[in-house]
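> Sequence:
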Amino acid sequence: MAKYTYTALNRVKEKQSGELEASDKRMALLSLRSMGLTPLTIVEAQGGAAKKKVASHGFFTLTKPPATRMRASEVLLFTSELADLINAGMTLGAALNTLANQGDPKSGMCVVSADLRDRIMRGEAFSDAVKQHPKTFPPIYGNMVRAGEASGAMVEVLHRLGEHYERSESMRSKIRGAMTYPCIVLALGVVAVIFAMIKIIPKFTDLFKNLGGELPFATRLLMGMSESLTKYGLIYLLGLMALIVLFRKWKNGPGRYRWDKFKLRVPLIKGLVATGTFASLAYTLQTLLQNGVNVLQALKISEETCGNAVIAAELRKARERVTDGTTISAPLAQSGVFPRMMTDMMALGEQAGNLPETLGHIGKRYETDLNRNIQAFSSALEPILIILVAAVVGFVAIAILSAVFAATSAMGNVG
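With the first letter of the sequence shown counted as 1, position 326 gets the number 323 in my numbering; the numbers rise by one all the way through.
It is worth saying that the hints were derived from the structure and are not from the lab. For glycine and all other residues, C-beta sits at the position ideal for the given N, C-alpha and C. There may be inaccurate statements among the hints.
Between beta-carbon pairs, the in silico distance windows are [unchecked claim]:
1. A42 / Y254: 22 to 28 Å
2. A306 / I195: 37 to 43 Å
3. E317 / A184: 43 to 49 Å
4. I195 / R369: 41 to 47 Å
Pairs of lysine to aspartate or glutamate residues, derived as EDC-like cross-links and limited to a Cα-Cα distance of at most 16 Å, are as follows [unchecked claim]:
5. K267 / D257
6. K171 / E153
7. K246 / E224
8. K103 / E71
9. K361 / E163
10. K132 / E71
11. K361 / E160
12. K0 / E18
13. K128 / E301
14. K0 / E11
15. K128 / D115
16. K196 / E224
17. K22 / E166
18. K132 / E153
19. K267 / D366
20. K297 / E311
21. K361 / E379
22. K171 / E16
23. K12 / E163
24. K297 / E317
25. K132 / E301
26. K314 / E301
27. K361 / E166
28. K258 / E224
29. K246 / D257
30. K196 / D257
31. K200 / E166
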């Protein structure tokens, strides 16, 4: 029999530690569960010092996490249901087992839940288990779960994570909704123009050539574009695809900072990007600080999850300044990237000692601004698209009609 030291949560979610004897770690886990405890950590005492036991075979082998991942909407559902199951009295392992056997076994939620369940049964802490799925759970998730394990308030932490994901998903949905209409209109417009260039314009080209005479410049330009697209359309398509691939690599690599800086400056788009990022940043910091994550770690997580390289760089500088004892608001105000209203409110929150509550107010303020900017974006985009479509249609109409008038005039002169 070996001795094991453990840390676990009891039925009233209080953290407790102790020692027990068992033949192996699996039996130790079963003993804890039979006592109504939810294991957080369990290590074997060897030579008077507790060391983590890592077996190389059998039940305790740590396998590579599955490649399957959960979408953001699935993470929201997973978090909410896990909180409800634990709050109903289930142990963490039993709750994960319930989620793993719910729905399609091949779905991201079931696969990830099963892997988390297995890791918990091996003795891993839940916070360590979720960090094995970085494509599903961002750094904020693992750090908040760790804070929940330390404080014994796992259900409360999961509820706050659910609220955080719900807010984030809501903001992303609003931005996607604002971009859907213009993208559809532009796509239909491009398809219509390509169809006209390939199928319709060539018929007019043959007609105008048979009539003879000098064609207007607009007509010759339209006919040249149509002929070029008909002959080299495939080459143009391949070239466009190559440009898109190169642009994506540049945007996600060396050009990310410049691209993100451009998005913060271009009219119409900058309002959506800035307000959405500031609202998300405020909510993220609020959620982390409310759950006991220290300021430096909260800034680091916010830097990794904010989604904008320019703002991430300023958060990195702020974190370096905070290390020297400076408040958060002071270095952010000096950056010139963050709005004065945001940094002033943060300074007031720091002075009053209620920064998390102030960050919540900031998040609501910028979420309201985001809704207003989405409406302004949609209102401004409609006339822009109408003008663009009218310009294209007008050019085609003028090119064809001017050729018809030229031909008619030439036939009149001959008569």
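> Determine for every hint whether it applies to the structure shown.
Okay, the hints, checked on the actual structure:
1. A42 / Y254: 22 to 28 Å: Violated, at about 51 Å.
2. A306 / I195: 37 to 43 Å: Because 41 Å falls inside the window, the suggested range holds.
3. E317 / A184: 43 to 49 Å: Because 45 Å falls inside the window, the suggested range holds.
4. I195 / R369: 41 to 47 Å: The hint (41 to 47 Å, Cβ to Cβ) holds, given that I195 and R369 are roughly 43 Å apart.
5. K267 / D257: 10 Å, holds
6. K171 / E153: Violated: K171 and E153 sit about 27 Å apart, past 16 Å.
7. K246 / E224: 32 Å, violated
8. K103 / E71: 13 Å, holds
9. K361 / E163: 14 Å, holds
10. K132 / E71: Measuring from Cα to Cα gives roughly 13 Å; hence the hint holds.
11. K361 / E160: 13 Å, holds
12. K0 / E18: 5 Å, holds
13. K128 / E301: 14 Å, holds
14. K0 / E11: Cα-Cα ~23 Å, so violated.
15. K128 / D115: 14 Å, holds
16. K196 / E224: Holds, at roughly 11 Å.
17. K22 / E166: 40 Å, violated
18. K132 / E153: 24 Å, violated
19. K267 / D366: Cα-Cα ~12 Å, so holds.
20. K297 / E311: Satisfied, since the Cα-Cα distance of roughly 11 Å is no more than 16 Å.
21. K361 / E379: 28 Å, violated
22. K171 / E16: 52 Å, violated
23. K12 / E163: Judged against 16 Å, a Cα distance of about 29 Å means the pair is violated.
24. K297 / E317: 10 Å, holds
25. K132 / E301: Since the Cα atoms of K132 and E301 sit roughly 13 Å apart, the hinted pair holds (cutoff 16 Å).
26. K314 / E301: 13 Å, holds
27. K361 / E166: 15 Å, holds
28. K258 / E224: 39 Å, violated
29. K246 / D257: 14 Å, holds
30. K196 / D257: 40 Å, violated
31. K200 / E166: Cα-Cα ~50 Å, so violated.
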